[in-house]
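K.L.:
Sequence:
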Amino acid sequence: MFTRLGLFDGRPESRRAALLDFCADALALSRDRLRLAHDPLGAPLLLIDGAPTEWRISSSSRENVWLFGLTRRGPIGVDLEIFYPIEPPAAVLHPDEKKRLAALPALDAAAAFYDIWTVKEAYIKALGLGLRREVTQIRVTPGAALVLDDQRRKVTLTAARRWRDESFGKQAICAAVILSPAP
11 MFTRLGLFDG RPESRRAALL DFCADALALS RDRLRLAHDP LGAPLLLIDG APTEWRISSS
71 SRENVWLFGL TRRGPIGVDL EIFYPIEPPA AVLHPDEKKR LAALPALDAA AAFYDIWTVK
131 EAYIKALGLG LRREVTQIRV TPGAALVLDD QRRKVTLTAA RRWRDESFGK QAICAAVILS
191 PAP
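Residue numbers (my numbering): 11 to 193.
Everything labelled a hint here was simulated from the structure, so no lab data went into it. All of these numbers come straight from a predicted model, not from anything done at the bench. Heads up, the beta-carbon is just placed ideally off N, CA and C, and yes, glycines get one too. One should not assume that every hint holds.
[Said to hold, decoys possible] Derived Cβ-Cβ restraints for the label pairs, each shown as a range:
hint: 1; residue 1: Arg-26; residue 2: Pro-115; range: 25 to 33 angstroms
hint: 2; residue 1: Phe-178; residue 2: Ala-154; range: 23 to 31 angstroms
hint: 3; residue 1: Ala-27; residue 2: Ala-113; range: 38 to 46 angstroms
hint: 4; residue 1: Arg-142; residue 2: Glu-97; range: 20 to 28 angstroms
hint: 5; residue 1: Ala-113; residue 2: Pro-62; range: 41 to 49 angstroms
hint: 6; residue 1: Pro-115; residue 2: Ser-40; range: 49 to 57 angstroms
hint: 7; residue 1: Ser-40; residue 2: Asp-118; range: 44 to 52 angstroms
hint: 8; residue 1: Pro-99; residue 2: Ile-58; range: 15 to 23 angstroms
[Said to hold, decoys possible] In the DSBU-like style, the derived pairs of lysine-lysine whose C-alpha atoms are separated by at most 35 angstroms in a straight line are:
hint: 9; residue 1: Lys-109; residue 2: Lys-180
hint: 10; residue 1: Lys-164; residue 2: Lys-108
hint: 11; residue 1: Lys-109; residue 2: Lys-164
hint: 12; residue 1: Lys-180; residue 2: Lys-108
hint: 13; residue 1: Lys-164; residue 2: Lys-180
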């Protein structure tokens, strides 16, 4: 899995160009061989020489920061949030997550919420559903290893990564997940 965090000027065309540059660099290909398309639900697709590929991509941006992910190991999703002290929105939390956050001081609850949310959003992007999915049925369990349950079933991940980055004068909370291929 390749991931990269970077800055752009906020314009969609700049983000799209940055995504193509990222893919060209990661794959050691000339950028003019790459094109982006979208599947019927809006998920990004990478084309090489005009043809579909086994490479899966995902992107996220907030303000002027972007996060991209690229893999051929399975469906990928990435998410990026910029930390601001907020009251966690209960409407997107699993009941167990609500209880856990309610027991924390406000600033810790906000940080824990972002950790949960970025994983959930990366997961639903990897599913190819975007926010068309009921996120309260997805539970992220804290700990060193990323554990996800979806409708009370454990989700099998090929790879997962959560991290924070302060390279750009903002605290970026990031997550990337690759789903295991269906049997």
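K.L.:
Looking only at beta-carbon atoms, does the pair Ala-27, Ala-113 fall within the given range of 38 to 46 angstroms?
P.N.:
At 45 angstroms between Cβs, range holds.
K.L.:
If you draw a straight line from the CA of Lys-164 to the CA of Lys-108, is it 35 angstroms or shorter?
P.N.:
holds (19 angstroms)
K.L.:
For the hint 15 to 23 angstroms, verify it against the beta carbon of Pro-99 and that of Ile-58.
P.N.:
violated (40 angstroms)
K.L.:
Hint check: Lys-109 vs Lys-180, CA-CA at most 35 angstroms. Holds or violated?
P.N.:
holds (28 angstroms)
K.L.:
Take the C-beta atom of Ser-40 and the C-beta atom of Asp-118, compute their distance, and say whether it sits inside 44 to 52 angstroms.
P.N.:
holds (47 angstroms)
K.L.:
Given the hint of 49 to 57 angstroms, is the C-beta distance from Pro-115 to Ser-40 inside that range or not?
P.N.:
Roughly 51 angstroms apart at Cβ, these two residues keep to the hinted range, so it holds.
K.L.:
Taking 41 to 49 angstroms as the stated bounds, is the beta-carbon spacing between Ala-113 and Pro-62 within them?
P.N.:
With a Cβ separation near 47 angstroms, Ala-113 and Pro-62 satisfy 41 to 49 angstroms, so the hint holds.
K.L.:
Given the hint that Lys-164 pairs with Lys-180, does the C-alpha gap stay at or below 35 angstroms?
P.N.:
holds (33 angstroms)
K.L.:
Starting from Lys-180, check that the Cα of Lys-108 is at most 35 angstroms away, please.
P.N.:
Judged against 35 angstroms, a Cα distance of about 26 angstroms means the pair holds.
K.L.:
Taking the beta carbons of Phe-178 and Ala-154, is their distance inside 23 to 31 angstroms?
P.N.:
Holds, since Phe-178 and Ala-154 (Cβ atoms, about 26 angstroms apart) stay within the stated range.
K.L.:
Taken at face value, is the distance from the CA of Lys-164 to the CA of Lys-109 at most 35 angstroms?
P.N.:
holds (20 angstroms)
K.L.:
Lying within 20 to 28 angstroms: is that true of the beta-carbon distance Arg-142 to Glu-97?
P.N.:
At 25 angstroms between Cβs, range holds.
The structure shown violates the earlier hints numbered 1 and 8.
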